[in-house]
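There are 4 protein chains.
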Amino acid sequence: MAGFSPKDPDWRARCEDSFARQALMSTMGAGIDRLQPGQCTLSLAHRPDLCQQHGYLHAGTTMALADTAAGYAAFSLMPKGASVLTTELKINLLNPAAGERLEAVAEVVKPGRTLSVVKADVYGIQGGKRGHVATVLATMMCLADTPDDKGR
Amino acid sequence: MAGFSPKDPDWRARCEDSFARQALMSTMGAGIDRLQPGQCTLSLAHRPDLCQQHGYLHAGTTMALADTAAGYAAFSLMPKGASVLTTELKINLLNPAAGERLEAVAEVVKPGRTLSVVKADVYGIQGGKRGHVATVLATMMCLADTPDDKGR
Amino acid sequence: MAGFSPKDPDWRARCEDSFARQALMSTMGAGIDRLQPGQCTLSLAHRPDLCQQHGYLHAGTTMALADTAAGYAAFSLMPKGASVLTTELKINLLNPAAGERLEAVAEVVKPGRTLSVVKADVYGIQGGKRGHVATVLATMMCLADTPDDKGR
Amino acid sequence: MAGFSPKDPDWRARCEDSFARQALMSTMGAGIDRLQPGQCTLSLAHRPDLCQQHGYLHAGTTMALADTAAGYAAFSLMPKGASVLTTELKINLLNPAAGERLEAVAEVVKPGRTLSVVKADVYGIQGGKRGHVATVLATMMCLADTPDDKGR
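Protein sequence lines correspond, in order, to chains B, H, E and A. Each residue of the first sequence is one higher than the last, beginning at 1 in full-length UniProt numbering. Each residue of the second sequence is one higher than the last, beginning at 1 in full-length UniProt numbering. Each residue of the third sequence is one higher than the last, beginning at 1 in full-length UniProt numbering. Each residue of the fourth sequence is one higher than the last, beginning at 1 in full-length UniProt numbering.
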């Protein structure tokens, strides 16, 4: 994939500041592993309180992590002052979310002035082994400056 | 919609027991509001620790609640001893997840021996006002008895 | 569902004129059955040249009809001079596309200045019997006046 | 991506024979460009009768080609006597389907005994230039031997 050029020289600080205000990500213990223009990797440690009835991480945990990684992959390319909004997300769950760590790797497929299409893959990591937990396609919308814009 | 006939007379207890073991749902403070064969309504109260950077409930919270409601709508129609698994889920986010309460209403569109297609709608509730937060289409798989079945 | 108010008094003629220029719809023998603000029903007759390897209508035929119905449901609410563009579509195929006629019924879930979310259901009709072939969620984009706008 | 091992030594002939019976693909003038275990590339030439109202190939044409490529990518790995069925498909349309040729490149993400998840990308080709038209995630189901199996 060709590299992307950020429009905002402060894209990294802007993404990190925004992520730090995502309370659900703190609640889930998620952190940023890697941030590049158009790319974002997040991860979290397995915790019993994020699981479903069989002891694997809940699909909702996987979705939340993948959605957030996809959002920041897109947000990194947006101009200063913009807000990012998920308009839609599709996930295919491939294997149980097993392992001591869950990692979501997101990359912009097509950036756009209004809409950006992003793909993400989620992996379960146990020691040096990575299992493919899920694959995601999502659309992120750039809002000029109003986070609760109804004009989406 | 025509009513569905459960195959397992103990469908309700089976769904309630399984839901009680969904740790993420406890973590999020979600509960079952209504359970009928092929239908499930879940809700949770707005809490700051489930939000995103603008103070609305995080899309991951919305996805987790909708996925779980969809899962139990399908699970209610599955035979005794079965496990339910989300194979894929698509969500369109329509409005910010505002309000004091978030409700996910799921209903089976087509039950199947192996796959069940389920729709869900998520509403933000503030006093007597309901806002349409999201709409979902998902596929749930029935596994005979092995929760970590790789044969999905 | 509450009725929608079209912004363009000539919405009907505008939809019909646009549909008449959809060559693929002519190729498939599809026509408009019903057009209301925010709603569109299209249908086509079963034809061997639109089928897959087992003699049912091809999923591609079902997708084309559903996509087009969804597009005109959204287009009916767009202002004069606008163009409509599918940004994404998700389809769940429920039953084989059997029957002498295939019908796609689309309805706007949420109209928006830029994006409209639309649902559609596809039915196979044989005599008086209707089978549920597919269910669809899609996002349609309103472009001010440039059909090949790259800014989507 | 690691290579896939077909279960049926006659996988290629089986895919080609099945494709030859897909009437819609003949109608659209589509052919197989490349077939490998778990991978399938199809293409078709731009034709006015496959277009929408602005002279680009119709999204339905793009969907039909991508769905079929995804189906044969999955079918190549299925056992002798099996049938393949699309259970769901999600497409994000990225750019107008411009160019003299449309190509769909599909690859299995995760093969399964019952369900296979497949991704596909669609390109518009004009001279030596390739534009990214669409990206797709789909689920294909393997049916033991009954093409109209209701048990999906």
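Treat each hint with caution, since some may be false.
Chain copies aren't distinguished; within one or between two, either way the pair holds.
When the alpha-carbon atoms are kept at most 30 Å apart in a straight line, the in silico DSBU-like pairs for lysine-lysine are as follows [claimed, not checked]:
hint	residue 1	residue 2
1	K7	K129
2	K80	K129
3	K80	K110
4	K80	K7
FYI, nobody ran anything at the bench for these hints, they're computed from the structure.
Evaluation of the provided hints:
1. K7 x K129: Close across copies (26 Å), not inside one copy (37 Å); limit 30 Å.
2. K80 x K129: neither (39 Å within a copy, 33 Å between copies)
3. K80 x K110: Result: close both inside a copy and across copies, 19 Å intra and 29 Å inter.
4. K80 x K7: Classified as within: same-chain Cα gap 8 Å, cross-chain 33 Å, threshold 30 Å.
Of the hints listed earlier, the one the structure fails to meet is number 2.
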